[in-house]
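Undergrad: Two chains, two separate frames, one set of hints: put the complex together.
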Amino acid sequence: MTALTKTRRVNTLPLITPSVLVLLLWMVVPLAMTLWFSFQRYNLLNPQIKGFAGLENYKSLLADSALWTAMLNTLVLVASVLGVTVVLGTMLAVLFNQEFFGRGVARLLIIAPFFVMPTVSALVWKNMLLHPVNGLVAFLTRSLGFEAVDWLGNWPMTSIVMIVSWQWLPFALLILLTAIQSLDHEQMEAARMDGAGPIAMFRFIILPHLKRAISVVVMIETIFFLSVFAEILVTTSGGPGLATTNLAFLIYIRALLQYDVGAASAGGVIAIVLANIVAFFLVRTIARSLEEG
Amino acid sequence: MIKRSFYKKLILTLVAWIAATVMFFPVFWMMVASFKTEIDAVATPPMIVFNPTLENYATVQQRANYINAAINSVAISVGATLLALALAIPAAYAMAFFPTRRTRSTLLWMLSTKMLPPVGVLVPIYLLFRDIDLIDTKTGLIIIYALMNLPIMVWLLYTFFKEVPKDILEAGRIDGASRRQELFYLLAPLSLPGIASTALLSIILCWNEAFWSLNLTTSDAAPLTAFISSFSAPEGLFWAKLSAASTLAIAPILLFGWMSQRQLVRGLTFGAVK
Numbered sequence: 017m018t019a020l021t022k023t024r025r026v027n028t029l030p031l032i033t034p035s036v037l038v039l040l041l042w043m044v045v046p047l048a049m050t051l052w053f054s055f056q057r058y059n060l061l062n063p064q065i066k067g068f069a070g071l072e073n074y075k076s077l078l079a080d081s082a083l084w085t086a087m088l089n090t091l092v093l094v095a096s097v098l099g100v101t102v103v104l105g106t107m108l109a110v111l112f113n114q115e116f117f118g119r120g121v122a123r124l125l126i127i128a129p130f131f132v133m134p135t136v137s138a139l140v141w142k143n144m145l146l147h148p149v150n151g152l153v154a155f156l157t158r159s160l161g162f163e164a165v166d167w168l169g170n171w172p173m174t175s176i177v178m179i180v181s182w183q184w185l186p187f188a189l190l191i192l193l194t195a196i197q198s199l200d201h202e203q204m205e206a207a208r209m210d211g212a213g214p215i216a217m218f219r220f221i222i223l224p225h226l227k228r229a230i231s232v233v234v235m236i237e238t239i240f241f242l243s244v245f246a247e248i249l250v251t252t253s254g255g256p257g258l259a260t261t262n263l264a265f266l267i268y269i270r271a272l273l274q275y276d277v278g279a280a281s282a283g284g285v286i287a288i289v290l291a292n293i294v295a296f297f298l299v300r301t302i303a304r305s306l307e308e309g
Numbered sequence: 586m587i588k589r590s591f592y593k594k595l596i597l598t599l600v601a602w603i604a605a606t607v608m609f610f611p612v613f614w615m616m617v618a619s620f621k622t623e624i625d626a627v628a629t630p631p632m633i634v635f636n637p638t639l640e641n642y643a644t645v646q647q648r649a650n651y652i653n654a655a656i657n658s659v660a661i662s663v664g665a666t667l668l669a670l671a672l673a674i675p676a677a678y679a680m681a682f683f684p685t686r687r688t689r690s691t692l693l694w695m696l697s698t699k700m701l702p703p704v705g706v707l708v709p710i711y712l713l714f715r716d717i718d719l720i721d722t723k724t725g726l727i728i729i730y731a732l733m734n735l736p737i738m739v740w741l742l743y744t745f746f747k748e749v750p751k752d753i754l755e756a757g758r759i760d761g762a763s764r765r766q767e768l769f770y771l772l773a774p775l776s777l778p779g780i781a782s783t784a785l786l787s788i789i790l791c792w793n794e795a796f797w798s799l800n801l802t803t804s805d806a807a808p809l810t811a812f813i814s815s816f817s818a819p820e821g822l823f824w825a826k827l828s829a830a831s832t833l834a835i836a837p838i839l840l841f842g843w844m845s846q847r848q849l850v851r852g853l854t855f856g857a858v859k
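Residue numbers (my numbering), protein chains in the order written: chain Y, 17 to 309; chain L, 586 to 859.
These aren't lab readings, by the way, just hints derived from the structure by calculation.
Not everything, but these chain Y residues come out facing chain L in the computed CB check (under 8 angstroms): (1) 34; (2) 127; (3) 129; (4) 136; (5) 150; (6) 281.
In this text the structure is predicted, and so the values were computed from the model without any measurement.
Cβ coordinates follow ideal geometry from the N, Cα and C atoms, glycine included.
Excised from the complex, chain L in its bound form (with noise of 0.2 angstroms):
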């Protein structure tokens, strides 16, 4: 019997890797390429023995626009979720500790202007932007992506709130905590995971979204998914660098979706999974 165990087990285990080869493949080859010199990385066949060289990622961490995209990634990012942190966690905290009996159809029309979809709007965002010059500007994409990502974040912040346990924040009041006591000195520490957490998603959402940031910017606050669309060389072969700049800028939201993956089943489904 524990024969035939071990052997079903390596079964799912040769099935399984053959799975996930198949899917991280992409990324890989990419990675990969990064690391080649132009010609190897247009060989046919492909070149699976090659000199590897650091040389792409020196020539993309020269060009300015790369720069510039980085820091604009990095900019819009980090400003939306923070904009938008400072919006959902009033609102979650009102809705998790004080609920009425509206509470519950405020959420769920919060999470209903997430179904909008971006592109039946495009048009008067658009126009709304270039009248007040807003176009290809980061202040633009930070309020268009902490407004997308707004119910998101309120929903998953009144969840993790809720499972604050209500015991402990009731003892502080007893010892006779104040309401100011109580906020930062219980409630903080406890829900600071939860925030944390949330606003390592949101950063995610931010940094790959690709339908605002290809259409409200052109060239000055051009985020990295914009970046990448518009790469070319003045050189003319240029997959090598691309890839280069490409693995620069997945790599760090990589590390950040791995380590999130239950909060983005949580936020994304809107608890409806368990």
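One chain only, chain Y, in its complex shape (with noise of 0.2 angstroms):
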């Protein structure tokens, strides 16, 4: 048997050090520059404006009422894009596990905003869904017998959570049908003779065996809405006034526009902790199914 499990002996050290290290510094190097420049005074406008700032930019960062502002709406926007995204992901791949006509071609339709990228969906819905004068939506109300509503305007969150489910809709809905496709069929066939109506089915079949999918979809999605821009930039630039402001636009409107380095890294620093939050039950999870083979 020596002869058959013979195994070529291979230093692999040269092979994966590279990706190693190039990660380490994309990883290492920002991370300390991020926590260093958020102990300093450094603000690009003003270069007279240095030197050690102990934690300074931290206290004004967290006695500014603009953060806590950006902390609310990042979390509104986090918690409301899941909600939507796994309750309505859930239905639609028990949905789409069924079979029916032209289930292929639906299902390519159902999943293509996941493709569009980010600038595109945000102008779209923008300018010809939501656009008080000339979007489809107002003229859907108006023909109804309504007042057109300014969403972007007077209801400017609601429009973000609706953009962003937009997009990470399909993605959900991916993830839970894969996971609802492997579920034991003879399981199902045998609670269905034991006479389990659609609703049981669902509640102690079905449910259960997505438990694991639907927190790695949570979880994902987190770390992915956490750091929501595009869509933001494109359509409200944070406002009005700081109403759909989350971290991610607060840091860059210190950083870019305001050339604060200081706050922004302190804000870089508090995101960054809540995201490895996060992270951390996500690689946990991983690891336990990377044990499972």
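TA: Here it is, written out as structure tokens:
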């Protein structure tokens, strides 16, 4: 048997090192710089202001009501889009797991939004659907006899939630559909024989089976939704006022519009900490599934 | 019984198609608008019957900044994908075929770098790029995108290499294939589909990326994501032209996306959902 299982001895170090090295640089250097800047007085417009700031950036950021508005907006955005995509995604996954006419084509159509670049989908929603004068939604509300609503002006966060949900619902659907399809058919059949109705089937067989897939969707989406940026920049620019400014957009304003590197970096540290809390659980889930093979 | 299941199927068909139509509608509506004149595009009530025109596509194609953006998108996506593949293939190969005690933790560590929010490192990356003149360059975005997608690509390639039947490689070895022969005549053809779909996923992700492209480019290196966001027309009205430019921008990636649904699930969930 020794001849059969003979494996070549290969030095894997030169093969793996390049990837590890660039990822290490990519992670450690900017991270260290963000941390460093967050303790510095550093404004690009005024080079005279410099030196160690201690916790000043954090103190002024935490005292700034804009931060708390942005945190709340981030939370509202992440939670709302998660709710919409997970609930609708589960329902659609169950639906698309059934056989019906033209399922293949319908499936292609329904996942299409995920492949539309964020700036395009934001502009289509802003100009062609939600526009208070020429938008399709305004036309529909008017023809039903109501006043047209200025969505992005009066319901800015709701509009952003709609746009981001539209983009990410296909993601949730795809993942959950993949998970449902791995469901044991014999178990389903047995339950049906025992007289389980569709609701009991969903409640006691499908939903428990989907538990892990749903948690994966929630974690991955959370990491992406913490950094929603293009959709806000293109539609509302964080406004009106601060109504749609999330943490990512606040950092952008502080850094690239107000050139306050110190404050922006302190904001960046907060974003990293938030993402890491989620990432911790995500990595644990991935590790578990890696062990299961 | 047959009749009842037929009705059930009919109702399912109806509900599912309504859902699919609603979801696809914004894309469809944009595509329709791209064939309208500017006046028709903003007409109220919306024009459903109209004289289709290809004028918008002609106008968009003539604009130098559109062509430039399209070329940038292709160059950046392909460049970043090739760079990432060059780094990822050896690493994934080593981890899949010669696992050590450290392999699992290395893999997980790589994945965890993907979870760093880009906005957390915007400031240092911006300043670094400014100091080494990489702002608004294709090279700059190629480097960022390659690094951004590297963990996903190592992961995907690793799972694909794992699926290569070991027996075939072993048979080759017994027949006296050298390591070079084994790599080129056995492993390469067996893993080519996996490498191709990894590349496809990377191109999709690069093409649609809109955080770094908006923050790190202004005009010269701006890919389509950034070009579309700053789209305006000197003539004033521009919805139809914007729709034409957007349709051209999303069409190739929509096709790629439809082709690589499975890899997408695998790649974006890191195999946690099967």
